[in-house]
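Protein sequence lines, in the order shown, are assigned to chains G, L, W and Y.
For what it's worth, the UniProt record's numbering labels the leading residue of the first sequence as 1, then goes sequentially.
For what it's worth, the UniProt record's numbering labels the leading residue of the second sequence as 1, then goes sequentially.
For what it's worth, the UniProt record's numbering labels the leading residue of the third sequence as 1, then goes sequentially.
For what it's worth, the UniProt record's numbering labels the leading residue of the fourth sequence as 1, then goes sequentially.
Simulated from the structure, these hints should not be mistaken for laboratory data.
Certain hints may be false.
Example chain Y residues on the side facing chain G (calculated, C-beta under 10 angstroms, incomplete) [claimed, not checked]:
1) V29
2) W118
3) V119
4) R125
5) T222
6) L226
7) G230
8) G241
9) T268
Treat the numbers as computed from the prediction; the structure is a model and nothing was measured.
Think of the CB as a built atom: it goes at the ideal place given N, C-alpha and C, for glycine as much as any other residue.
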Amino acid sequence: MLVFLIRRLVGTVPVLVAVSIFVFGFVRLLPGDPARLVAGPDATAQDVAAVRIELGLDGPLLQQYVRYMGQTLRGELGRSAKTRQPVAHEIGARFMPTLWLTVAAMAWALAFGLLVGVISGVRRGRWQDHAGMVMAISGISFPSFWLGLLLIDLFSVRLGWLPTGGYGDWTHFVLPSITLGAGVAAVLARFTRSAFVEVSAEDYVRTARAKGVPERMVVWKHTLRNALIPVVTMTGLQFGFLLGGSIVVETVFSWPGLGRLLIDSVSFRDYPVIQAEILLFSLEFVLINLIVDVLYAFVNPEIRLK
Amino acid sequence: MRTLRIVHLLYPTSAAPLSQTQALLDVQGLRVTFDTDRGPATVVHGLDLRVSAGETVAVVGESGSGKSVTALAITRLIDYAGGRITGGRIGFTDRAGVLHDLATETPEAMRRMRGPEIAMVFQEPMTSLNPVLRIGDQIAEAVMLHQGVGQAEGRAEAKRMLDRVRIPESASQLDRYPFQLSGGMRQRVMIAIALSCRPRLLIADEPTTALDVTVQAQVLRLIASLQRELEMGLIFITHDMGVVAEVADRVVVMRNGEKVEEGDVQRIFDAPEHPYTRALLAAVPLLGSLADQKLPVPFPVPDGPPPRPQDTVTDQPVLEVRDLVTRFDVRRGLFGRLVGRIHAVEGVSFDLRHGETLAVVGESGCGKSTTGRSIIRLEQPVGGTIRLAGLDVTRLNRSNEPLLRRAVQFVFQDPFASLDPRLTIGFSIAEPIHTHRLLQGPAVEQRVRELLQQVDLPVEHIWRYPHELSGGQRQRVCIARALASEPQVIIADEAVAALDVSIRAQVVNLLMDLQARLGVAFLFISHDMAVVERVAHRVAVMYLGQIVEIGPRQAVMGDPRHAYTKRLLAAVPVPDPRRRAYARDLDDSEVPSPLRAPSDMPTVAPLVQVGPDHYVARHHVGGLY
Amino acid sequence: MTRLLPRLVLSAALAAASAAPALAAKDLVIGVEANMPHLDPANTNDTLSQTAERLMYQGLMGFDKDMKLIPALAEKYEASEDAKEFVFHLRRGVKFHDGTPFNAAAVKTNIDRVANPDNRLSRRSLVSMIAHTDVVDEYTVKFVLSSPFGAFVNNMAHPGTFMISPKALAEYGKDIATHPTGTGPYKFVSFATDTLKVVKNPDYWRPGVPKVDTVTFRAVPESGSRFAMLQTGEAQFIYPLPAELVKAAQANPNLAVINAPSIVARYVAMNNMKKPFDDIRVRQALNYAIDKNAYGRIVFSGYSTPMDAPIPSDLGFYSKQGVWPYDPAKAKALLAEAGYPNGFETELWGGTSTAVKRGMEFIQQQLAAVGVKVTVAPLEAGVATAKLWNVQSPADATMQMNYGGWSSSTGDADWGLRPLLYSKSFPPNLFNIAYYSSPVTDRAIEAGLATADPAKRAVAYKEAQAQVWKDAPWIFLGVDRLLAGQSKKLSGVYYLPDGGVLTEDAALD
Amino acid sequence: MSAAAKAAGVQSPLSEFWRRFRRKRIPLVAGGAILLIILAAVFAPWIAPFDPAAPDYENVLAGPSLLHLAGTDVFGRDIFSRIIWGGRVSLSVGFVSVFLGGFAGVALGLVSGFFGGWVDTAAMRFCDVLLAFPGILLAIAVVAVLGPGISNVIYAIAVFSMPVFARLVRGSTLGLKQTVYVQASRSIGVRRFPLVMRHILPGTLPGVIVYLSLRVGTSILTAAALSFIGLGAQPPSAEWGAMLADGRSYLGVADHLTLFPGIAIFVTVLAFNLLGDGLRDALDQKLRT
C-alpha cells in the first residue's frame, strides 16, 4: 500500500509539471504587454519595468520558468495587481470557504446520489427507478445559477428560512451546497445506477444468490461494493466539476471563495492572482485524484495488492 | 492409444434403476419464457427431468438448447435473469422429506433452499467469484448463513472445504482474493462454496468448459468423488460428449428447448435413437480412432462415402522456423521498470512442408498461439529466424513484407469476431486482393465469387453482412478470405474450437479438402487432440513456451515419450462410457507460470531423436540430461 | 474625485435622515456591491473603498450629508488670495486608534507620503501641486503650492488625503492597507475577503457618536441577493439598490427607499480627433438622436434625470444649459449634411455590469434609428485600462465611443471638468478620452483654478460649461439618482451624491 | 458466444440500433424536440413574431400575453422571439464547440490509441492536464487570454471537450486494435492509414455520437454559465444564458425575464441528455456518463 501511494505520488509529478508550464505560459500567451496592464494607467516606464520584474517576465524564457518554479515552490506567488497584497494572502483567506462549500456539496451529493442510484438500480424499471432517473436527468440539465436564484427566491425571500448568501454558520451552507451539488448528485445517481445494474449482471452476484444470500446482502455486500469501484473514480472527476461550479455558485450566493476571486481577477486582469488560482485549482484537483486513487485501491484489492 | 482400451470395472457405470429410488428432483412439463424486447420467447418447452439421490444426470445439447436455462429455473435464479417459469412443476424433496414445488415457492423459501438443498457450480470460474471479497469469506458466508454459526466456525469450515477440494496450503489461501488464483483453483473454490452446506442436489453448468484439459480432468474427478461422498444428486450440463461419457449415469439430450432423448449413458452411446443424438455422436471425434492410420482422414459424412486418407505432403519445406523466441516484458510503475518477462515462445524450431499439416498442441499459456502470431508478426519475436520458401523474412522490410503477408494467412478462433461487422462479406474477402493489388476492377468480384464457391458458400453472400451468417458460415468466409491471396501457408489458430461439434467436422473437412486441392500447408494450432488426430501429419507439443515433443502424428499420439505429452493425452475425455478415466493417474499439480523474473532465464531443453522424425525434449535434471 | 469603476455607481440618493428612536443597538450590516480591494486611502480608486475608509479615517476637511464642505480634523483654514498658500488650524486632543496623538507633524508625514513619487500612490495627483508642507506649530500646518489651485481645500476633504497614524505607517509600511489606523468613529476589527468589520471607537472626539456597536460591510455582487439580504433582515442598509427593484422595496412596509440626486453623470465620450466624430455636426446629431427621457426610464427604471449641463447640478459652480432636445429628424439631417446620409458604423465601449450593458444596448438601439450602426463591446476593467486610460498619445487611441460615468468626489466643478475635458488631460495624464480640445474651455478651466475667489471661479466655470455644451464632445445622457434600500429601523446613514455613504451618525432602533 | 449476443447478431447493427432506439419513446420525443428547436432557430426570421432587436419603449417588462407569449424585456423586446433567435446562438455554441472538440479529440484519440508508446503517453498526459482543469475554469482561462465573446467561448468549450473525446476514442481504439478483425486485417498486410480509417474509426463512432449529443447539452450549459458571469455572449446577442443573466436582477419584479430563457436552456439540455441516453442504450450499453 505504501509503495502504491509513493508510486501514485510520483505519478502526479508530470501532470504538475505540465500544469505549471501551462500556468507559466498563461501570462506569456496574453496579447500585448501584461506588465503594462498590471502597472496601471499612471505608471511610468520605470514602473512598468519594475512590474515586469515582479511578474517575472524579464530574461530568457527558460530562466523565467526556472525562477517561476523556484518562487512557486517557495510559496512566493507575487502580489495582486489590484490590491497590492501578497497573492498567497489573498488566496489563503478564500481557500477554506471554497473547500468547505465543495466538501458540503460533495457530501450530500454523494449520499443522495448513492441512495437514489442504488434504489433505482434495485427497483429497475419500476416507478422508483423512473422517479429517481427523472430527478437525475433534470439535475444535470438544470443551469445551476438559475437553480440558485430560484432557491434564494423561495427559501430566503419568500419563506425567510435560510440566509441569502455569505459565509457563516451551517445555515449559510444549505442553499449554496444544494445548488452546487445538484448536478453532481444527479450524475452520481445515474452513474451509480448504471454501475449497479452492470454489476448486478455479473456472475458473482448470481453466485451469491445461488448460495442463498438474502437480497439485502446481495445488494449491499456483493453488488454495491463492486459498483463502488467505478463510482469512486467518478466521484473524483466530479470534484473537478464542483470546483468549476463553485465559480458560478459563489457569485450567486456571495460566497467569499476562490471562485469569486477568480472572476474578479479575470475582469480586472489581475494576472498574478489568476495564475496562482489556476495553479491552486489544478493542485487541488490532482490532490483529490490522488485521494480517489487511494480510495480506489482501498475498495479494489486487485489494485491494492498488485 | 490402444493401451487405454480397457473396460473399466472398478465403478459400475449405471445407477440404481429409477423405480428403486425416491426421486430427489422431479421436473414435469417445465416451460421457461423470457421477455425480450421482441416479445416473450419460450426457450424451454415442457421439459421432464428426474434426478435421484446419488445419481448423475448429464444434460447435453448444443448452445441455445435451453440446458442452462433449465438449471437456472430449477434454482429459480431465473427470476433474476429476466426469465419466468410459465408452466410445469419442479418437484423437490428436501432433507426432511417434504415435497416442494419449486416453480411456485416464495422467493424467501427458495433462498433458504439454495445452498443447503440445491447448489450450483457455473461455467466461468474467472467471473463467478466476487473480486473484492476474500475467498475464505465467500465460502464462510454460505456456511454462516445456513448453519447459523459464527465467524470463527465459518472460517474453520471454509478451511476444511478448501482441503476437501484439494487446495494446497488452505489456511493461507483463505485470505487471498480471486484474482490471485488460477482458473482451476477458482473452480475448486466455487465447488467448495457449492458444497459447503452439503446440498442434496448439485447442478454443475459446464463447470469444466473454460478449463484446460488436464485441469478439466482434475475437476471432473473431484466432483465425482465428492458426489459419492455426499450422496448428492448431480445434474451435469455440458456440450461435450466426452465429458458425458466420463461422468453421467443417465443422459438427457436437449435441442431447442425440448428433450429429444433420454436414457442410460451406455444405451445412449451404444444405440442412440434420435437422429439428433446420432448426429451429435457422429460428429464427436473419437481420440484413438485413427491410431492405425498414418495419414489424416476427413470426418465421415453422414450418408456419404467413407472418407479416404489424404497424402499431400511434399519434401520441400515452405516455412522454416529456427530458435524462435517471443517474450513479453512486464513493466510496472512510473518509469516502466521491468519486473518480469513472459517467456511465451522460447527457442522453438520446426519446418513446415508444402501440403503438410503440422499441429501445435498444448494447454492455454503454452505459447502455441504466440508461435503462430509471431510468424505472421502480430507479435514481434525477439530472436530466431523465419524463412519462407527459402527467403529470410525474420526482419521485415518493404520488399519481403508483402511477400509474407500474401504467402502466410491466419484464421482466427472466433468467427464472430474476426469479420468487421460494418463491412460486407464481399469486401472482407476482397480486402487482401485490394491490399496486395492482385486484381483490379470487375475481376475482383469475379475472384470473390470463386472463393465463395470454393468454401461452399452461395455467391449471393457477397453482399451480405457478417451478422446475417451463422458461425460456421462466417468461418468459411474467413477461410475464403485467407485463400484470396493464394497463400502457401495458413495458420489456423484454434480455427474450429468455437464451433459446435457438427459444424466443426464440416469445417475441418473443408480445410482438408482445400489442402488436397491447393496443396496449402497448415500450421494447425489446437488444444483438441481428437481433431488434431484427424488433420495432422505431424504434431508438436508445447509446454511453457517450448516444444517438448515433435514428430509424426501417429508416433506422438500413439507412443508419447515426454511426460507432459502423456499427461495431456491421458486427460482427454473419451466419449465412451466404458473407458472412464477414474483410474487414470492424474496429479493435482498446476501448470507453472511462464512469467519469470528478468534475471531468471529459462533453459531451452534440447530435442533428441527417439524415432523416425520423432524428437523429445531432454530435460536437465540434477545436472544431467 | 473618482474615476468610477462603472459598476460601482449604479445609482445614488441622498439620505433624508429618517430618524428613529435608538434602542438596544447594535450591529449594523451594510450590503455593498463589490469587494473592497484594500483600505489604503492614498491608493484607492473606487468609491466603495473610500466609503469603507471613511469608517476609520478622516481628512482635514470633510463633507456633511449634503456634501457641503465642513471642517473635520482641521477646525478652520485660511487661503491666500492667489490660491498658493493654505494654512490649516488643527483640532486639538484628537488621538489615532493606536493612541498616537494627531498633530501637525502627523499631517506633514501623511501629505509627504502621498506626494512622494517613490511610493507610487495613485492619489498623488491630489497633492502634486504642493511645493512643501510646513509644520508651523503643534496644531498649525501650512501648505505652499507651486502653482495656484483654487480647489485645494476640496482636495483636503478627499479620502486620498485621509490622515493615517504615523506610527502605524512606520510599523506596517505597505501593509497599512490591511491595518487601517485612523482617527475615525470606528476602529478596525477584521477585513476578510468580502467582509469588513469595525467596532465603535469609544474615544471618538465627537461626543455622542457612534451610536452603533459594530458596522459590517458585506460584499454581495448579485443585486438580487443583496436586496434579498435587506428583505430578510440580514442587512439594514444596501446600496446601490438596483433601480428595477425599487418597486419591490417600496412594497415592503419594513423598508425605506432612498432616492436622491447624485453627482454621477452618464455620457458617451466620442473621439473628437477621429472621423467621423471630428465633425461637430456628427456629435450634435448623435446628441439629437437619443431620447434622454427614455434613457432614464428604460435604463434606470426612471431613476435618472437628463443631463442639462456638462456637470451634475449638485456640483459647485454648476451652470444650467438646458436638456439637449430629442429630434431624430434633425439628427438625420445633420448626419446627411456631414456626409453620412446613410449613417456609419462604429463601436461603443463600456463596462461589463448588467446595468452598463443595458445602457449600451439602449444607445445602440437609438442610434440605429438614425442609421448609425453600433457594435457594443463591453470591456473588463483591465482591458479598459489598457485601451482607454493607458494610451500614450491621441494618435494611438482606438476608442471611437465609450459609455461611462463620472463622479467628482471633490464636489467641485474643477474635478468635474478638468480631468475629462481639458486639453492637457489626455491619457495617460488624466482622463480626457474624448480628446476634446478647445482653447476657450482650456482658458476657462485654468482661470477657475487660478483663484480661490468663488465669484471669479463661478464666472470661469460658467464659460467652460457653455463652451463644452456647444462643442458636444460627448453624448450627454443623464445624472443618476442615488438609490439605496434601508430598514426603517435604521437612521443616520447618509448616501452622498458622489455615491459614498456616511455612517458616522448611524443609529439602530 | 452467449445466446444473447448471437440473437443480437441476427440484425444489422444499424437496423438493430434503430429497432432498439425506436422502442423507447422518450429519446424519440427528445430527438423530435431537438429537431423542432433546431428548425425554430434556423427558420427564426419566419417563425419569430417580432424582430428580436426591435425595442418598444412604451411596452417594457410586460408579462406574458397573447401578443407577447413570453412577455417583453426591459427594452420592450419580445422575449419569445428572442428565445427563438437565441437558439441560433446557444445551439451553434453547443454544436460548433463540441464538433471542434470532438474532431480534435477523435483525431488525437485515434493516433494515441493506435500508435501507443510515447505518442500515447504524451497525448494522454496532455489530456490529463486539460482534464486537471475544471471545464469552466479552463474556459475562463481561455477567455482571460482571448477576451470575452461568443467565438472565444466556443474555442474555450472546444478545448475542454477535446480530452473527453480523445480518451473515449483512445479507449475504444485500444479495444478495437485488439479485436480479431483488426488483427486479421493487419495480418493480411493492410497499411496503417486504411486500417484505421476502415476498421477502427467506424468502430469508435457509436461512442462518439453518444458523447456528441451529451456534450452539446453540457456546452450549452457552460456557455450559459459563462454568460451569466459576464464572460460569454455580449449584447445585443440573445444568447439564453445572457438573457437569464440580464433578467436576474428583475427576479421578484418581472420573473418572466428569467423564467422563459431558463426553461429554454433546461428543455434543450434535457432533450440532448435524453437523446444521448437513448442513443447510448441503443448503440453502446457499456458507455457511461
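We went through each hint and held it up to the structure:
Of the supplied interface hints, the one on Y/V29 is violated, with its beta-carbon coming no nearer than about 13 angstroms to a beta-carbon of chain G, more than 10 angstroms. With 10 angstroms as the threshold, the beta carbon of Y/W118 stays out of range of chain G, its nearest partner Cβ sitting at about 12 angstroms, so the hint is violated. The interface hint given for Y/V119 is violated, since its Cβ lies 15 angstroms from the closest Cβ of chain G, which is over the 10 angstroms cut-off. The closest approach between the C-beta of Y/R125 and any C-beta of chain G is roughly 6 angstroms, which is under the 10 angstroms cut-off, so the hint is satisfied.
This hint holds: Y/T222 has a C-beta 9 angstroms from the nearest C-beta of chain G, less than the 10 angstroms allowed. The interface hint given for Y/L226 is met, as the beta carbon of that residue sits about 9 angstroms from the closest beta carbon of chain G, less than 10 angstroms. For the restraint placing Y/G230 at the interface with chain G, the shortest Cβ-Cβ distance is roughly 7 angstroms, inside the 10 angstroms limit, so the hint holds. The interface hint given for Y/G241 is met, as the beta carbon of that residue sits about 7 angstroms from the closest beta carbon of chain G, less than 10 angstroms.
Below 10 angstroms, beta-carbon pairs count as interface contacts, and Y/T268 has one with chain G at about 8 angstroms; its hint therefore holds.
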